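*Asks:* The lines below spell out each chain.
Protein chains: 2
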Amino acid sequence: MQAIEKVAIIGAGLVGQGWAIVFARAFKQVVISDKGEADTIRASLTAAAAALAKAGLGPAPGDVMARIDVATSLHDAVASADYVQESVFERLDVKREVSLAIDAALPEHAFVGSSTSGFPASHFTAECRRRDRFLVAHPVNPPHLVPMVEIVPAPWTDPVVALRTRALMDEVGQSPVSLDREIPGFVLNRLQGALLDEAFALLGEGYASADDIDRAVRDGLGLRWAFMGPFETIDLNAPGGLADYARRLGPMYAEFANQRDPDRRWRDEAIASAEAQRRAALPADRLAGRRDWRDAMLMRILKSKHRDEYTG
Amino acid sequence: MQAIEKVAIIGAGLVGQGWAIVFARAFKQVVISDKGEADTIRASLTAAAAALAKAGLGPAPGDVMARIDVATSLHDAVASADYVQESVFERLDVKREVSLAIDAALPEHAFVGSSTSGFPASHFTAECRRRDRFLVAHPVNPPHLVPMVEIVPAPWTDPVVALRTRALMDEVGQSPVSLDREIPGFVLNRLQGALLDEAFALLGEGYASADDIDRAVRDGLGLRWAFMGPFETIDLNAPGGLADYARRLGPMYAEFANQRDPDRRWRDEAIASAEAQRRAALPADRLAGRRDWRDAMLMRILKSKHRDEYTG
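Protein chains in written order, with the working numbering: chain P, 1 to 312; chain Y, 1001 to 1312.
Just so you know, these hints were derived from the structure itself, not from any lab. Since we're looking at a predicted model, the values are computed, not measured. There could be a bad hint or two in this list.
Each pair of labels, with its calculated beta carbon distance range [unchecked claim]:
#1 Pro-283(P) - Asn-1141(Y): 23 to 29 Å
#2 Lys-303(P) - Asn-1141(Y): 23 to 29 Å
#3 Leu-1163(Y) - Val-94(P): 38 to 44 Å
#4 Leu-14(P) - Ala-1071(Y): 40 to 46 Å
#5 Glu-90(P) - Arg-1286(Y): 38 to 44 Å
Computed list of lysine-lysine pairs in DSS-like fashion (alpha-carbon distance at most 30 Å, straight line) [to be verified]:
#6 Lys-54(P) - Lys-1303(Y)
#7 Lys-303(P) - Lys-28(P)
#8 Lys-303(P) - Lys-1006(Y)
No residue lacks a Cβ here, since even glycine has one placed at the ideal position from N, Cα and C.
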């Protein structure tokens, strides 16, 4: 089994650029392939690496950039890679076409993770010659700030490829979540969807404002969920641990769910109300600035978590 | 309208003690009433205040303790209070009895918030003479580390009391969530329940391990939810904001929900599996130590958020 030294990133959008930083800061040799202007891509990568270094979360930007080549040829990038992270536009026909192009250039030993958030690999790799080497490796945006990666095999993916993708993600400091098989939304978006369904229902039925529902998460649940998942949270919330918690509170939670309309579509009026309240809180022309704030806050939260892991 | 200077806390368990610190660090005069040993309660309060100060999140413990009296008489504590935070044992008959005792001593201008996590105020204040002065003010444990408080009026609560409770919580640095009316679980536990339902379903159906589902939250969703709620999160995740996000992704989320069994009870096998995986990760005799770690992490996360609010 060959060590992974060379990584090809296909697509230099925000996701692809984040991946380039993830692999380069972990001492991998990276080629990022895109039809865009190389200087523009390089400038944007340098800025992201500099922000990371400034936050104390990465090495000097020059060190990171020294390990990244920006190239136009997908074929050349893939042909010399041990691992390929496909990060092209989220459209099924685009994913299919690019997967076939990767397949044609893929070295015997290499394998391919797709950054898709919505499509199972079985929907766009069926015609690939080496389809056993393809799976989903779904990050959260931006991958160099949010470590979670969902690894989702297609029915024909070689199980060894899934294990090696997990090992690679661990090695470069990401946090892999392995799915046994495909399911729409994978794990992360299904969990997010379940919470959003309830949030829209509470808003639509007039129980609380959008900002107050947000507060229940950002000043309540989310503080713990930033460093413990839902199972560990309840495990610590009953004297005897998780099973004790389920015995005490399971019936209460079942009662909440059973009162709800099982059709959990978001109602138009609830969406309109949430949108109006958000625009009153944040005019549309300040969305971009708020996204920068979000990324700065993510770095701060990450740093407060890391200190514990390294010195705690 | 009288300013709130004196606060009575009824019950000196973990929740009551947390409330005592919340109000005392915000310059309120606090009496905490309990039948327990005053020296033991004072020692435990001092330790919590010291941990807070050490984390840079509170004043010197001596300053906090100088504003807290520990007393045994509920009547005397309530009779001189502007606001009462009832924090006794979570059992309906206990809540009823203590509410009647508070009612009997309550000054004309004062009002009462209950820390109950499970019972609407209408279930235990119906017989109070001044039941229009009672509502739920539900914190997360421990209240001096997790700022969210749910304010839930009974049908007979004076709306002014709900508004004044919100203003008080704002003033002392908590983060109030106002509910329009009673609903089982309020907002926080309904949101937590929705996410737990999906987590248990994914685990029970064998899609991922308990630890990997936890990772999807602690290294993914939860990093953002520590400083933005679910609505702000999706508002920043589509170019045009929340309504744009709902238009693009609402149908996908509806599809997830519609595949699910509408009976969202946690299956016994899923609970047993989660418990077994948690005990393999953390033996039961280490639960208490892990709770200390949780509180230390909460302080670290809080501090990284506060810096932004105060200087950002």
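*Asks:* Output the indices of the hints that this structure fails to meet, ascending.
*Replies:* 1, 3, 4, 8
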